[in-house]
Amino acid sequence: DTAVSQTPKYLVTQMGNDKSIKCEQNLGHDTMYWYKQDSKKFLKIMFSYNNKELIINETVPNRFSPKSPDKAHLNLHINSLELGDSAVYFCASSWGPGIQYFGAGTRLSVL
Amino acid sequence: KNEVEQSPQNLTAQEGEFITINCSYSVGISALHWLQQHPGGGIVSLFMLSSGKKKHGRLIATINIQEKHSSLHITASHPRDSAVYICAAGGSQGNLIFGKGTKLSVKP
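Chains as they are written, first to last, in this note's numbering: chain A, 1 to 111; chain B, 1 to 108.
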């Protein structure tokens, strides 16, 4: 039973399309995150939600819109995809600022 | 200069060797995290520490808050320890600022 699950695992799409990545955690955590890992394998936080409320929004283009329908879910919607959006996106969750549990990642390729 | 610096960037060791990876940070932290990214891409949290030392199996993490420095040690290294080890500075809201990672390869 996966603790933090992301779907899809792979996403290949054309420039200009809109796509969503879903994340669900069954750990009962109150905080969820989206991270981006670029082609150089560098990880950077994008968003953080605590109890469905946005608490961190790093300098991410507003084409990226996170949505948290409940504490267990944090989805990421991306409009008008660009080549530079190609990366691996990781979802994670934690109790407050505690140890984080990561999903397996979604590899997005924009052609 | 990055807010979280790791060294070395790459490390090759023989099986059985004692390994040390270093991390220095320049930001205020709530805690310091060590993570492992497997060759397949999955990320696992190894340690979260705000003072002293923690041990889990053959892994030991230490932190010196005054010097803003942390180390990850692996005793009796094994080829299955081959992975990227990432240090991250944790803020009070849980946000992590990551180092660039240390790629460890342990040869049999």
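For the record, the hints were derived by calculation from the structure and aren't laboratory data. Don't be surprised by glycine CBs; every beta carbon is placed ideally from N, CA and C. Any given hint could be a false lead.
In silico lysine-lysine, DSS-like type, Cα no more than 25 Å apart, as pairs [claimed, not checked]:
| # | chain 1 | residue 1 | chain 2 | residue 2 |
| --- | --- | --- | --- | --- |
| 1 | A | K41 | A | K52 |
| 2 | A | K71 | A | K40 |
| 3 | A | K41 | A | K71 |
| 4 | A | K44 | B | K100 |
| 5 | A | K22 | A | K71 |
| 6 | A | K44 | B | K68 |
| 7 | A | K19 | A | K40 |
| 8 | B | K107 | A | K44 |
| 9 | A | K36 | A | K52 |
| 10 | A | K44 | B | K103 |
| 11 | A | K36 | A | K22 |
| 12 | A | K44 | A | K22 |
| 13 | A | K41 | B | K100 |
| 14 | A | K41 | A | K9 |
| 15 | A | K9 | A | K19 |
| 16 | A | K52 | A | K71 |
| 17 | A | K9 | B | K53 |
| 18 | A | K52 | A | K9 |
| 19 | A | K44 | A | K9 |
| 20 | B | K100 | B | K54 |
| 21 | A | K9 | A | K36 |
| 22 | B | K100 | A | K36 |
| 23 | A | K52 | A | K22 |
| 24 | B | K100 | A | K40 |
| 25 | A | K19 | A | K71 |
| 26 | A | K44 | A | K71 |
| 27 | B | K103 | A | K36 |
| 28 | A | K67 | A | K44 |
| 29 | A | K36 | A | K71 |
| 30 | B | K100 | B | K53 |
| 31 | A | K67 | A | K9 |
| 32 | A | K40 | B | K103 |
| 33 | A | K41 | A | K22 |
| 34 | A | K71 | B | K55 |
| 35 | B | K100 | A | K9 |
| 36 | B | K107 | B | K68 |
What follows is a list of derived Cβ distance ranges for each label pair [unchecked claim]:
| # | chain 1 | residue 1 | chain 2 | residue 2 | range |
| --- | --- | --- | --- | --- | --- |
| 37 | B | E3 | A | N51 | 37 to 43 Å |
| 38 | B | Q66 | A | N26 | 24 to 30 Å |
| 39 | B | S105 | A | P69 | 39 to 45 Å |
| 40 | B | G57 | A | G28 | 25 to 31 Å |
Checking one constraint from the list: CA of K107 (chain B) to CA of K68 (chain B), max 25 Å. Satisfied? Answer violated: K107 (chain B) to K68 (chain B) is near 31 Å, above 25 Å.
For the pair we were handed, K36 (chain A) and K22 (chain A), check the Cα-Cα distance against 25 Å. 14 Å, holds
So if I understand the rule, the pair passes when the alpha-carbon distance is 25 Å or less; does K100 (chain B) with K40 (chain A) pass? 9 Å, holds
Proposed proximity, K22 (chain A) with K44 (chain A) (alpha carbon, max 25 Å): The given pair, whose Cα atoms are some 18 Å apart, holds under the 25 Å limit.
Restraint status (C-alpha distance of K44 (chain A) to K9 (chain A) at most 25 Å): Status holds; Cα separation ~19 Å.
Quick one, are K44 (chain A) and K71 (chain A) close enough, alpha carbons at most 25 Å? Holds, at about 22 Å.
Given the hint that K19 (chain A) pairs with K71 (chain A), test it: the Cα-Cα distance must not exceed 25 Å. Holds. K19 (chain A) to K71 (chain A) sits at ~22 Å (cutoff 25 Å).
S105 (chain B) paired with P69 (chain A), Cβ distance criterion 39 to 45 Å: 42 Å, holds
Sort out whether K71 (chain A) lies within 25 Å of K41 (chain A), counting only the CA atoms. Between K41 (chain A) and K71 (chain A) the Cα gap is close to 28 Å, so the pair fails against 25 Å, i.e. violated.
Run the distance test for K19 (chain A) versus K40 (chain A): straight-line Cα separation, threshold 25 Å. Holds: K19 (chain A) and K40 (chain A) sit about 23 Å apart, inside 25 Å.
Taken at face value, is the distance from the CA of K36 (chain A) to the CA of K9 (chain A) at most 25 Å? Holds, because 14 Å separates the two Cα atoms, which is no more than 25 Å.
Proposed proximity, K36 (chain A) with K103 (chain B) (alpha carbon, max 25 Å): 19 Å, holds
In terms of the numbered hints stated before, the structure departs from hints 1, 2, 3, 8, 17, 34, 36, 37 and 38, listed from lowest to highest.
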